[in-house]
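S.K.: Hints are included, so try docking the two chains, each in its own frame, into the full complex.
Below, each chain spelled out in residue letters.
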Amino acid sequence: MAWRIFAASAKGSSHVAAGLPCQDASAFARHGEWLIAVVCDGAGSAASSHVGSSRISHATVQALTARGELLASADHADIEKLVTDVLTETREALAEHARIARTELSAYAATVVGVVMGPEHGWFFHVGDGIGVARHDDGITLSLPENGEYANETFFLTGHDWLAHLRISPIEKPARSVLLMSDGAMPFVMAKGNQALFAPFVEPVERFLAQADEATGTQALAATLDDPRTHGITSDDKTLLIALGD
Amino acid sequence: MTQPVIPDVALVDNTEQRTPLVLVLDCSGSMGGAPINQLNEGLQLLERELKDDVIAAKRVRLLVIRYGGLDTAEVVGDWCDAMDFTAPTLEANGTTPTGQAVELALGEIEAEKARYKQSGIAYTRPWLFLMSDGVPTDAWESGAQRCCEAERSHKVAVFPIAVGEGSHPDTLGAFCSRGTAGVKRLAGLQFNELFLWLSTSMQVVSQSKTGDQVQLPATDSWSTVTA
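For the record, the sequence lines run as chains R and V. Heads up: the first sequence begins at 1 in the numbering used here, then just goes up one per residue. Heads up: the second sequence begins at 1 in the numbering used here, then just goes up one per residue.
Just chain V, same shape as in the assembly (with noise of 0.2 Å):
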């Protein structure tokens, strides 16, 4: 016998919860061709799986950084909920200033941070997703430890992402707290695998709550073993 329920009832989401995901990418003049069509091909992916996640289209937040160009990083469009989310078409040109991207995203992420505390919504940790398929062309050693202290401070999760032959994932490891053990080698152009990969995760830690540790989904679909 199954009981109906309690007529009349509302049952709506009240919560105000955010997990932000900033996206550091490389559009440096070595990612021109295959590289970055599969790339743009990857972020639409992402924008039509976390749309098609009731819950993960209204709390995952989501920012582009683009770095390329002559030593240049910015803002691609601003912060905004999965749901409005529109992947935009990158282009690959010019030198790979790391570090500036990655200082241009530990900033917005306390700014945006600043301002779910201002208006009294929760968060989860936000994530830093820095992907590379080269070496730094500009003084990327401070920006480095600043981001490596961010996150073992707690204050954001750090993603290092290397991309073909020639990125290097021992200067991509000092960016994150557990160096080059902490980097991920993309198999080959892996771009859609590594997408739907962290399309999964935001879902997954976009809906965690009360736990330590959350489980991520196995990276083997998109990354090379790294001895």
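If we strip away everything but chain R, and leave its shape as in the complex, we get (with noise of 0.2 Å):
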């Protein structure tokens, strides 16, 4: 099993007008057959959350890989306790830089959503809104978004009770792709309600990249982000990342 893995941002138009960065980020690995990733959101009204955003995907992706031998072995709880740990490690980390850069740990607020995905299993874990979707042969694996109650509220990995949202789902069949994204992508990858991938999206997606190479299918995945049709539908910031099995 080979992933071969598709990861774009775009820029929202509210970001572009107020001549904001992007604070969406992705990351991904491979570790033998198994496919390892996260999408970060950073917060709106965090000042410095394109940079939480990335240092979190980023790190939680190196730390799982440099422990990439564990996976295949790992039951849940040995799956819990590796990625606790992990993204303990990385709210630490983060929690260094602040004090460094003499802000507070809630100015790199962001969320998290990522997968560990093996050949015939896996899990999300998830902090916070963004969308994890594994397609099987038959069905889907949801890793769903949580919010407060209103939607423009939501947890992060900064915030002080993050592991009361820390949520890690189990993937129990083989998957023929997996999808990651941040809540400004799932108004249109979404079907209404989000309980299943929009098709009219994904299936002329997922078609173009199976017949892609990385390079390509990841340049018209951002195009397509950024595709001012978009910009009718959401003025945030659109992450998806797409991991194909062979």
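Don't read these hints as lab results, they were simulated from the structure. Quick reminder that beta carbons are idealized off the backbone N, C-alpha and C, glycines included. A hint or two may mislead.
[Unchecked claim] Distance ranges between label pairs, derived from CB positions:
#1 R/G232 <-> V/P217: 18 to 24 Å
#2 R/R167 <-> V/G77: 21 to 27 Å
#3 V/G33 <-> R/E104: 49 to 55 Å
#4 R/R167 <-> V/R152: 25 to 31 Å
#5 V/E91 <-> R/A196: 47 to 53 Å
#6 R/I100 <-> V/A10: 56 to 62 Å
#7 V/G29 <-> R/E104: 47 to 53 Å
#8 V/R152 <-> R/E203: 43 to 49 Å
#9 V/A139 <-> R/A196: 47 to 53 Å
#10 R/H97 <-> V/H154: 29 to 35 Å
#11 R/I100 <-> V/S221: 38 to 44 Å
[What the hints assert, rightly or not] Residues on chain V that point at chain R, a partial pick, calculated with CB under 8 Å:
#12 D8
#13 Q118
#14 G120
#15 T124
M.R.: Encoded structure:
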């Protein structure tokens, strides 16, 4: 099993207008037959959330990859410990960075939606919003967003109660593709109600990527996320990561 | 080199997110003449501005409550999406039953939220926009207390606006969790500027996402500084 991975982010129109950086970030790696990937969405209200999302996604993927040999034999409890340890380290490193920069950890507020996926099974891990989808031959496994009562409120890895909001959910069957997305991409990647992928978007994308090399596919995905038609849908940053199995 | 987009991709909005806004408007006798005319013009401006923003037009839900007459508070029209909103032409007469109007608004907000929950529609925190040019003439204290508690428990965001010399910011302040400091005073009859600000704020809020705080536009174009 070899994963081919395509990930792109596009700045939202409101971020372009305000001269803000793209606050989404993604990172991915392969460890043998395992896919390791994370998408982070920096809080709009946090000053340096683009730094937070970039650091969190990269550090988390790096730390999980370094312990990648544990994945094949891990059970649910092992993964809970592994992910909790890795996210704790990532968060502590970020807190240290905040201390040096003389700012608060909350300035780096970002959500996390990640996956470790092997040939037969895997897990999503998730703090806050964004969505993870594993597509099986029959059906899908979802990791859904967690919001407060209101759609514009969510939970961040930088929050003091992040552990209470960390959700680790098993993917119990082989997947032919795995998707991670920030909430800006959800309105057009997911169908109404977020219980299924929106086929008129996802099918042409996966069909194209199946025949593209990673560089071309990634560029085309980036251009698609940056399509002016998305500006009538959301003013937010949009990130989509698609991993295709073979 | 620009990479073309992936061919045949549908890009449509599948979200069903709403931002409820209730306008609680003082239509007592003292609003007669220029004030009510300017208020009506402001409402028309709000309608146009919201309809001009493709995202806000779909997401903002409006309800207008007028209060005046013989201590009467009433819903004008029904909840509607901004794209279907037609600004009403309000008339000024009668008294100022602010307490009753706010109680009606809070009830409507909870009923609307219940409908969203039932249909699985996500929503942002409702706004209660309370405008008055006078002193309440009804037993307003319990309504004010309920409103204040609703804001403290995060059920609603309350924006009291005091209009003209006859208004009473300290009383209006009792309706929101920040007290008198939370009351904005309209400079003269700058209703157009006020509703332009409201429209811009709704555009920001309706498109907001992850983040506890939304950066609202400045209010200097229409409010006076209260010491």
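S.K.: So, for every hint listed, does it hold in this structure?
M.R.: Hint check:
A hinted range of 18 to 24 Å holds for the C-beta pair R/G232 and V/P217, which are about 22 Å apart. The given range of 21 to 27 Å is broken by R/R167 and V/G77, whose C-beta atoms sit roughly 42 Å from each other. Taken as a hint, the range 49 to 55 Å holds for the pair V/G33 and R/E104, whose Cβ atoms sit roughly 52 Å apart. A hinted range of 25 to 31 Å holds for the C-beta pair R/R167 and V/R152, which are about 29 Å apart.
Between V/E91 and R/A196 the beta carbons are some 50 Å apart, a value that agrees with the proposed interval 47 to 53 Å. Roughly 46 Å separates the CB atoms of R/I100 and V/A10, a value that falls outside the hinted 56 to 62 Å. Here the CB-CB span from V/G29 to R/E104 is close to 52 Å, well matched to the stated 47 to 53 Å. A beta carbon spacing of about 48 Å between V/R152 and R/E203 agrees with the range 43 to 49 Å that was offered as a hint.
Evaluation of the 47 to 53 Å hint for V/A139 and R/A196 yields a pass: the beta carbon distance comes to about 52 Å. In this structure the hint that R/H97 and V/H154 lie 29 to 35 Å apart at CB holds, the actual value being about 31 Å. The hinted range of 38 to 44 Å is satisfied by R/I100 and V/S221, whose Cβ atoms lie roughly 41 Å apart. Checking V/D8 against chain R: minimum C-beta separation of about 4 Å stays under 8 Å; hint holds.
With a cut of 8 Å, the hint placing V/Q118 at the interface with chain R is violated, because the nearest CB-to-CB distance is about 13 Å. Among the interface hints, the one on V/G120 holds; its C-beta lies about 6 Å from the nearest C-beta in chain R, closer than the 8 Å criterion. Interface restraint check: V/T124 against chain R, minimum CB-CB distance 5 Å, threshold 8 Å, status holds.
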